[in-house]
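J.: Single-letter residue listing:
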Amino acid sequence: MRRDTRALVKAAFATVLGVLCVPLAGSEAHARPAYNPYPSGILPANLDSEITRVRNEVQTIFGRYFSEYQALTPTLTYSGNPPILVPNGYDAQRILGGLLNFDENMSPFHTEACSFCHMPYAAFSGPIQSVNLTMIAYPGSAHYRAAKRTAQRYTYSHTFPVLNYDPVQGLFFGGNFWDGRATGMKLQAPDAEQAQGPPVDPLEMGFPDIACIAWRLSQASYRPLFELVWGTDFDINWPSNTEKVCSTPNGAFGSNTTPVALSAVDRTKATNIYDHWGESLSFLERSPDISPFNSKFDWYLKNPSLYPLTADEMAGYKLFNGKGNCNSCHLDGRSTTLTPGETDTGNTADVQPLFTCHGFANEGLPLNPRIALFYENKPDPYGFTPNPDGLRYRDLGLGNFLRSGPQSFPDPNQPEWLSLAPSVDGQMQVMTARDVALTPPQCPTTEAGTGKPYFQKEFFHNGYIKSLKQLVHFYNTRDTSYAYPVTSGHCPAGTVERVTCWPQPEVKNNLDMTTGALGLTDTEENQIVAFLETLTDGYNPANPTVSTYKNIDTFTGQCSITTPGETASNQGDKTLIPTWNLAQFPCATDICGVPPLPTTPIP
Amino acid sequence: MNGLLVKLAIAAAAGSLLYSSPIGAQMPPPQKENQLPPPAKRAAHVEILNGPALEIAHDGIAIIRWTTNNPGGDDDHYAVAHYGTDPKDLSQTAKNHIRLNRGHADTIFRVLMQGLKPDTTYYYKVTSMGAGGRSDGEESSVNRFTTPAPGQVTSAHPPPE
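Protein chains in written order, with the working numbering: chain A, 1167 to 1769; chain B, 3 to 163.
Quick caveat, the hints were computed from the structure, so don't treat them as lab data.
Any given hint might turn out to be false.
Straight-line distance between alpha carbons at most 27 Å, and here's what the computed BS3-like set of lysine-lysine pairs gives [unchecked claim]:
{"id": "1", "chain 1": "A", "residue 1": "K1740", "chain 2": "A", "residue 2": "K1618"}
{"id": "2", "chain 1": "A", "residue 1": "K1618", "chain 2": "A", "residue 2": "K1410"}
{"id": "3", "chain 1": "A", "residue 1": "K1489", "chain 2": "A", "residue 2": "K1468"}
{"id": "4", "chain 1": "A", "residue 1": "K1740", "chain 2": "A", "residue 2": "K1489"}
{"id": "5", "chain 1": "B", "residue 1": "K90", "chain 2": "B", "residue 2": "K119"}
{"id": "6", "chain 1": "A", "residue 1": "K1489", "chain 2": "B", "residue 2": "K97"}
{"id": "7", "chain 1": "A", "residue 1": "K1489", "chain 2": "B", "residue 2": "K127"}
{"id": "8", "chain 1": "A", "residue 1": "K1544", "chain 2": "B", "residue 2": "K119"}
{"id": "9", "chain 1": "A", "residue 1": "K1468", "chain 2": "A", "residue 2": "K1352"}
{"id": "10", "chain 1": "B", "residue 1": "K127", "chain 2": "B", "residue 2": "K90"}
{"id": "11", "chain 1": "B", "residue 1": "K119", "chain 2": "A", "residue 2": "K1674"}
{"id": "12", "chain 1": "B", "residue 1": "K97", "chain 2": "A", "residue 2": "K1674"}
{"id": "13", "chain 1": "B", "residue 1": "K97", "chain 2": "B", "residue 2": "K127"}
{"id": "14", "chain 1": "A", "residue 1": "K1435", "chain 2": "A", "residue 2": "K1468"}
{"id": "15", "chain 1": "B", "residue 1": "K119", "chain 2": "B", "residue 2": "K97"}
With the C-beta cut set under 10 Å, the calculated list includes, among others, these residues of chain A facing chain B [to be verified]:
{"id": "16", "residue": "N1330"}
{"id": "17", "residue": "V1334"}
{"id": "18", "residue": "Q1335"}
{"id": "19", "residue": "G1336"}
{"id": "20", "residue": "D1645"}
{"id": "21", "residue": "A1649"}
{"id": "22", "residue": "G1682"}
{"id": "23", "residue": "A1683"}
{"id": "24", "residue": "E1691"}
Backbone N, C-alpha and C fix where the C-beta goes; we use that ideal spot for every residue, glycine too.
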C-alpha cells in the first residue's frame, strides 16, 4: 500500500507537469504541409478555428478527469483472490478511460484525442456544426485527411454483443462501427475494439503502429493509474527512433504496420497495453459518464404517473410504436400494439431499453457527394493516398467488411461469412435512438425554425440527413411519389430535396421496406420528433431545464440561428451539391467486383 | 505540492457535486393519456388480411403492399413477390427485408420490383418468409398491375401535404 501511495503522489506531480506541458491548441496546425484535394466548399471556412475550439474543450475535460484522478483515494489496492481493485476500482477504471479518451498525446502530433470527433455535448458524436454540414467526416491528425462516415455516437455502444451471425434468424447482430467491423472477437467487447481503430486509422488519429499507444502511455502523467488498474509491464526496450516514428502519420511507411522495431517479447507487451487501452475506453462508455440511463423517458418508465410525458411526446411515443413502426428495430423494451383505446397494466419488459435491435439494415440513403473521402484520391505530403477509388468509392457497409474491402478491417471469419456478403450489402448498424437529440444546453434543439438556437448535427452513416424532422420524414415518405430516379443535387425543378424529393438509394440491394411509406401526417412526424427528444440523457425531473449529463457544459462555440425561410425540413439545403455522373464513375472493382458479387450491380 | 493537490482534489469534489442530480418532491400530477395499450397476441394461422395491391409504380420500379396478421417467428422477415409479364410464367423474384414488430397485431409487407418496362402489365403473387428461410405459409392469388408511361407515377399512398 505504501508503494501505491508513493506511486500516486509521483503520478500527481507528473500529471501537473504533464498538464502544464500540453501544447496550446492550434499552435502547430500550420507547421506541417496540409493536404487539400477537395473541391471548393468541402472544407468549411472556419475549420481551423473550430479545430482549435474543440481542442481547447478536449483539454478542459482532460483537466477535469485529471482532477478526479488526483482526488482518488491513495488507498486503492488489490484485495482478495482473485485480486479485486478496491475500494473504488470502478472510479479508477472510469477515470482512466476518461484520461485516455481526452488525451491529445494519443496521436502523432499530440494534437488529436479520441474525443476530438466525439464530444459529450453532441452525445459523443461530431462537435463541429460546419463539418456536419460540409465534409461529413472529421479531419484527422494529418490535416486535412478525413474519413468516410459520420462520427458515430459512443452512447450505449457497450451494449452491442460480439458480432455474430444467427443462422436461425438469418441475421447479423452486434459489433461496433457502422459496418460492424469492430467485432469484439479478441477482447469480447466490440466497443473496446472500436476504440482500437481510430488511433491507427491513417484518416483519424493516425499512429503508424499500435506500439505508439504503449510508447505515449509510458510517458503519460497518469501512467501509474494505468499500471495500477492493469498491472501492466511498461518495461519495453524502445528503439531510439520511437518518438520519431510515432510522430509520423500512418501511411508514411507503406504496408509496414510495425515500424517501431520491437523484440517479440516487447511487441507482446505493447499489444497487451493496446488491448487494455481499448478495455478502459469500453468501461468509460458503459459508465454513467456516457451511458447513464437517465432520460426523461427513463423517468417516465419508472413511474408514468409521477413523471409523465407531454401530450405531444406521448402521441409521438404511440406513433413510434404504432404507425411509425420505429420500435420494430429501435426496440423500447415495452410490449405494445396498434389497438387503440386500451390501457397498459403490465410491467415494463426492460427498464433499461436500448432502442436498438443490435442488428443491421439498409435504409436506402442517397449517396452523399459531400463526404470528404470521395476526393482523397491523390497522394498527400506523406505519400499516402487515402482513397485510390476516388469517385468510384461506394459504401456497401457490412457487405464490404465481410469481403475485407477497402476502408474496413479484415473479416476474421471469412470461411463462414464471406458467402453472406451479398445478403448484407448496403446494411449499416442500427444505432440506438437514445441521445439522438442531445445538444449543448445553450443550443437546446437539433431543429431549425423552432424559435430556439439550434445545434447542427448530421444523421445516419453518411450524414445526408440534417434534422430529426428530415429523419422522420425520410422514413415516412422515401418510397412515395417523392422518390425520384436521380442523385443528390439533381432533384427536378419544383421539388425540394429532402422535403418533396428523395434521390435514389446509393445501394438498392437489401433495402429495408419496413418503412418508406408510413402515411404519417406532418403533425405526426413532429410528434415522433418530440418523443425522440425525451430520449436525451441527463434529465432531472426536479430541474428539467438543467441537464446533468457529464461535461455537457463544455461547448464554447456558437449555436446556429434560424435564417429567414429556414425550417427543420429544409435545414442544411444550402450545402447540397450535385453528385457526379455515376455512370461515368461506376462502383470500383475492389468494392463491387469482389466475389461473391452483389446480387444486382451497384451504380 | 501537497497544497496544490489538496486544491485540485477540492476542485474535483466541487465539480462532482455539480453533476449530482437530486430529485425533488414536486412532481406533475398523473395524466390519463400517459397510458399504453397492451401487447397483441400472435396469429395462430398466418393469413393475408389486406391486399396485395400496387402501392406505387414509376421509373421502372413498383412496390407491392399487403397486410397479414403477425406471423411471429424471426424478427426479420422477407416480403417476396414472384412476377412476370406472363401470368403462367412468374419466374422473376423480388425479395425485401421487413422487420416484424413483436407487439403489432398486423404486419405490413412491402416488396420492391426493379427494372420494369413502362406501359407494361405485370402479373404477380406474393408470400413471406422468415429470414431463416421458413415460409409463413400464406400465398396470394395471381394479381396484376400496369406500369405507367415514362415520367408518370401511379400511387395509392400519396405523401402528406
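J.: Against this structure, judge whether each hint is valid.
T.: Quick rundown of the hints versus the structure:
1. K1740(A) - K1618(A): OK: K1740(A) and K1618(A) at ~20 Å, within 27 Å.
2. K1618(A) - K1410(A): Roughly 49 Å between the alpha carbons, so the hint for K1618(A) and K1410(A) is violated.
3. K1489(A) - K1468(A): Satisfied, since the Cα-Cα distance of roughly 25 Å is no more than 27 Å.
4. K1740(A) - K1489(A): Violated. K1740(A) to K1489(A) sits at ~32 Å, over the 27 Å cutoff.
5. K90(B) - K119(B): holds, 18 Å
6. K1489(A) - K97(B): holds, 23 Å
7. K1489(A) - K127(B): Holds, at about 26 Å.
8. K1544(A) - K119(B): Roughly 41 Å between the alpha carbons, so the hint for K1544(A) and K119(B) is violated.
9. K1468(A) - K1352(A): The hint is violated at about 37 Å.
10. K127(B) - K90(B): holds, 11 Å
11. K119(B) - K1674(A): holds, 18 Å
12. K97(B) - K1674(A): holds, 12 Å
13. K97(B) - K127(B): Measuring from Cα to Cα gives roughly 12 Å; hence the hint holds.
14. K1435(A) - K1468(A): violated, 46 Å
15. K119(B) - K97(B): Holds: K119(B) and K97(B) sit about 19 Å apart, inside 27 Å.
16. N1330: This interface hint is violated because 14 Å lies over the 10 Å limit.
17. V1334: holds, 5 Å
18. Q1335: holds, 5 Å
19. G1336: Because about 4 Å separates G1336(A) from the closest Cβ in chain B, which is inside the 10 Å limit, the hint holds.
20. D1645: holds, 6 Å
21. A1649: holds, 7 Å
22. G1682: The hint holds - G1682(A) has a Cβ within 10 Å of chain B, the shortest such distance being about 7 Å.
23. A1683: With a closest approach of 5 Å, the A1683(A) hint holds.
24. E1691: holds, 8 Å
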